[in-house]
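Chains as they are written, first to last, in the working numbering: chain P, 8 to 59; chain R, 6 to 415.
I should point out that these hints are in silico values taken from the structure, not numbers from a laboratory.
Check the hints yourself; a few may be wrong.
Stated by the list, open to error - Lysine to any residue pairs mimicking SDA-like chemistry, simulated, CA-CA at most 20 Å apart:
id: 1; chain 1: P; residue 1: 45; chain 2: R; residue 2: 93
id: 2; chain 1: P; residue 1: 45; chain 2: R; residue 2: 47
id: 3; chain 1: R; residue 1: 47; chain 2: R; residue 2: 93
id: 4; chain 1: P; residue 1: 54; chain 2: R; residue 2: 249
id: 5; chain 1: P; residue 1: 54; chain 2: R; residue 2: 398
id: 6; chain 1: R; residue 1: 167; chain 2: P; residue 2: 53
id: 7; chain 1: P; residue 1: 45; chain 2: R; residue 2: 184
id: 8; chain 1: R; residue 1: 93; chain 2: R; residue 2: 152
id: 9; chain 1: P; residue 1: 54; chain 2: R; residue 2: 164
id: 10; chain 1: P; residue 1: 45; chain 2: R; residue 2: 167
id: 11; chain 1: P; residue 1: 54; chain 2: R; residue 2: 152
id: 12; chain 1: P; residue 1: 45; chain 2: R; residue 2: 156
id: 13; chain 1: P; residue 1: 54; chain 2: R; residue 2: 176
id: 14; chain 1: R; residue 1: 249; chain 2: R; residue 2: 398
The structure displayed is predicted, hence computed values, not measured ones.
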Amino acid sequence: MFPFSFEWIWDVGHMVFMGGLWYALTIIGITMTYCILKSIIDTMQGKGGHHH
Amino acid sequence: MDSALIPEGVKRCSFGKFAIGIIIVGGVLLWGVYAMLLIWLKGLNQTNMNDYYGFALWIWADLGVIALGGGAFFTGFLRYVIGKDELKNIINCAVLIGFICYSSALLILAIDVGQPLRSWFIFWHANVHSMLTEVAFCLSCYFAVLIIEYIPLILENRQINKVPFFHNLAHNMHEVMVIFAATGAFLSFFHQGSLGGTPAVLYGRPFSFREGVFIWPWTFFLFTWSAAAYGPCFTLFVTRLTEKITKKKLVKQNVIDLLAKISGWTMGTYVIAKIIDTWYWATVTAPARGFNLIDFYSNNPFYGIWILIAEIVVCGIVPALILLTPKGRNNSTLLFTAVSLACIGVLLNRWVMVLQVMAIPVMTFETWVLYIPSWQEVATTVLPVAYGIILVMISFRYLPIFPQERELNP
Chain P
8 MFPFSFEWIW
18 DVGHMVFMGG
28 LWYALTIIGI
38 TMTYCILKSI
48 IDTMQGKGGH
58 HH
Chain R
6 MDSALIPEGV
16 KRCSFGKFAI
26 GIIIVGGVLL
36 WGVYAMLLIW
46 LKGLNQTNMN
56 DYYGFALWIW
66 ADLGVIALGG
76 GAFFTGFLRY
86 VIGKDELKNI
96 INCAVLIGFI
106 CYSSALLILA
116 IDVGQPLRSW
126 FIFWHANVHS
136 MLTEVAFCLS
146 CYFAVLIIEY
156 IPLILENRQI
166 NKVPFFHNLA
176 HNMHEVMVIF
186 AATGAFLSFF
196 HQGSLGGTPA
206 VLYGRPFSFR
216 EGVFIWPWTF
226 FLFTWSAAAY
236 GPCFTLFVTR
246 LTEKITKKKL
256 VKQNVIDLLA
266 KISGWTMGTY
276 VIAKIIDTWY
286 WATVTAPARG
296 FNLIDFYSNN
306 PFYGIWILIA
316 EIVVCGIVPA
326 LILLTPKGRN
336 NSTLLFTAVS
346 LACIGVLLNR
356 WVMVLQVMAI
366 PVMTFETWVL
376 YIPSWQEVAT
386 TVLPVAYGII
396 LVMISFRYLP
406 IFPQERELNP
């Protein structure tokens with residue numbers, strides 16, 4: 008649910024619950040995006056071609 | 006036949022033997038899938054639930070696997086956040102078990118909602134006054150974390166790891182695993198807790214009702230605590246069972262000893278807190294609502310006081326004492342007994358807090374409900390077990406689940 012949904016109310020319950028959900032999803036999303044982008048860059052730089 | 010996929014330097018049984026094992030367990034899995042399809046296609050009338058007794062057997066299984074899967078978040082927390090480096094040798098197994106348990110929990114919920122195509126309603130039309138909404142949020146997010154923690158393991162397969170991008174991705178994901186571990190611990194704290202808080206806020210059910218602090222009943226903390234204590238025991242149980250089946254030593258004793266010791270301390274303190282909670286509930290909370298302790302354990306052929314003693318003494322105090330003593334931890338039989346009892350103990354606790362709660366009469370005209378599940382409920386409860394065994398078999402064969410295996414089995 009987003010703040011622009013018709014059911015949204017600006018109260019503590021909605022802010023804590025939905026805020027917590029989006030906070031967790033944002034952390035997971037940003038960290039995974041970082042991993043994927045860094046892996047693409049590393050691969051383009053020729054890293055990971057052999058076993059460490 | 007599949008030797009190119011098996012991790013380097015380890016021995017596995019022949020492919021034929023492996024395939025026969027998969028086919029046998031797969032038969033049980035298909036039985037569960039058939040029951041699941043019946044429930045989805047024909048509806049919840051396939052169960053023995055009714056207006057009087059609205060919890061199916063699988064709800065107990067759901068809470069049970071979530072508690073047993075608690076080893077993933079707690080071991081991850083100890084390894085990455087606290088810095089217990091030795092646990093890197095068992096964390097893969099904990100993640101695998103956590104992944105199996107949480108995917109099973111979500112599958113069970115998908116069966117329970119009866120109309121899985123509307124599962125997204127809980128996110129879009131969220132009831133922000135419900136503890137179960139929080140459980141759904143945290144459970145889904147934590148499952149995403151577990152998928153992320155499991156992916157590097159898959160990418161470390163001998164053939165997949167040869168692809169430079171996958172090799173780099175596995176490496177980079179390992180580098181930031183502390184963020185996922187911390188996020189997982191945060192999410193687990195709340196969903197384990199809210200699962201415990203839910204029966205405790207049912208003020209119409211004096212057996213489960215508890216007082217607490219602010220909006221959280223005491224069982225909120227007890228459930229999280231018990232998952233942290235008993236979850237690692239299930240990791241140790243599966244590790245020992247795999248060792249027995251494969252006739253190999255897979256993890257060094259110092260690693261087992263450390264996790265067992267931490268688990269013993271967590272369990273010991275949990276059991277003390279549980280005894281205090283039970284004593285206060287039996288002498289203050291329940292009598293204030295017109296019930297005596299024995300009312301909850303009499304006048305029925307199944308739920309006797311034995312269940313309370315079994316949960317707290319036999320499957321609580323006894324395994325905690327074994328795990329707290331070096332002799333108990335170093336004796337293979339005693340250790341296996343302790344972790345087995347612990348797993349039974351947490352499953353008993355979830356049974357009591359879910360199914361016994363609903364069975365006890367609360368009105369003078371009511372009687373005990375000794376619920377007998379339908380075969381479809383039993384099959385869908387067995388389904389995650391079969392799925393878990395298959396995933397453990399495949400992961401053990403093709404992925405580096407136990408990093409010390411090669412060294413211990415030259």
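Status of the hints after comparison with the structure:
no.	hint	verdict
1	P:45 x R:93	violated (24 Å)
2	P:45 x R:47	violated (48 Å)
3	R:47 x R:93	violated (46 Å)
4	P:54 x R:249	violated (40 Å)
5	P:54 x R:398	violated (32 Å)
6	R:167 x P:53	holds (13 Å)
7	P:45 x R:184	holds (16 Å)
8	R:93 x R:152	holds (18 Å)
9	P:54 x R:164	holds (17 Å)
10	P:45 x R:167	holds (18 Å)
11	P:54 x R:152	violated (25 Å)
12	P:45 x R:156	holds (16 Å)
13	P:54 x R:176	holds (11 Å)
14	R:249 x R:398	holds (14 Å)
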